[in-house]
Amino acid sequence: DTEVTQTPKHLVMGMTNKKSLKCEQHMGHRAMYWYKQKAKKPPELMFVYSYEKLSINESVPSRFSPECPNSSLLNLHLHALQPEDSALYLCASSPLGLAGTLQETQYFGPGTRLLVL
Amino acid sequence: AQKVTQAQTEISVVEKEDVTLDCVYETRDTTYYLFWYKQPPSGELVFLIRRNSFDEQNEISGRYSWNFQKSTSSFNFTITASQVVDSAVYFCALSEAGDGGSQGNLIFGKGTKLSVKP
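Those protein sequence lines, which keep their order, are chains A and B.
With positions in the first sequence counted from 1, the corresponding number in this note's numbering is that position plus 12.
With positions in the second sequence counted from 1, the corresponding number in this note's numbering is that position plus 532.
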């Protein structure tokens, strides 16, 4: 079962709102990822969790706050976002390679389409 | 530095035509992995194939085939007898093994939008 689920599918929020995106996988993967994808662009890596610890933060603004409560769940907490943060947010998971590297296949969820007004 | 180039931004074909999507990559690592993903309008990135740098054997899966050539640093993807359901954006991606110091995270090309018309 190569399924990654994400909720909600769509989210509209104001710049003063606080919201959270959720991602879940039950494939036993120990790496989980958040990507941001703007229209007509490839996904851009935001965060990586390895063994439930944050291993990569691609200089993402602090208004995005990731959390990995356990090996199956990944959250992205949103606060004080800007209209330019409107995008498709994709979650992915993968096994970890040798020495904890990330070259194994990533499986993606359907994404959350976020609109910030 | 690693880089993936998909020179074709958009391709439009008529159903049943064959179409090849090009992918050229750059890496200094001897061990690396290449991927193709499909992104239909719904948004989900669907994994299609993963290839490691030591396996240059071409692969066929139904109407899909991949041609990996290290000599030209290319990993091209061909769809035979295209169908309307093949319409999507296709991304080629590279991941290094990490022994050169990188974390091995995915480097995506810019994608090729394929439109298959009936």
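Rather than coming from a laboratory, the hints here were simulated on the basis of the structure.
All figures in this text were calculated on a predicted structure; none of them were measured in a lab.
For each residue, glycine too, the CB sits at the ideal point set by N, CA and C.
Wrong hints could be hidden among the right ones.
Unchecked claim - Derived, one-sided and incomplete: chain A residues facing chain B with beta-carbon distance under 8 angstroms: (1) ALA51; (2) PRO54; (3) LEU66; (4) ILE68; (5) LEU100; (6) GLN115; (7) THR117; (8) TYR119; (9) LEU127.
So, against the hints stated earlier in the document, which numbers end up violated here? 1, 3, 9
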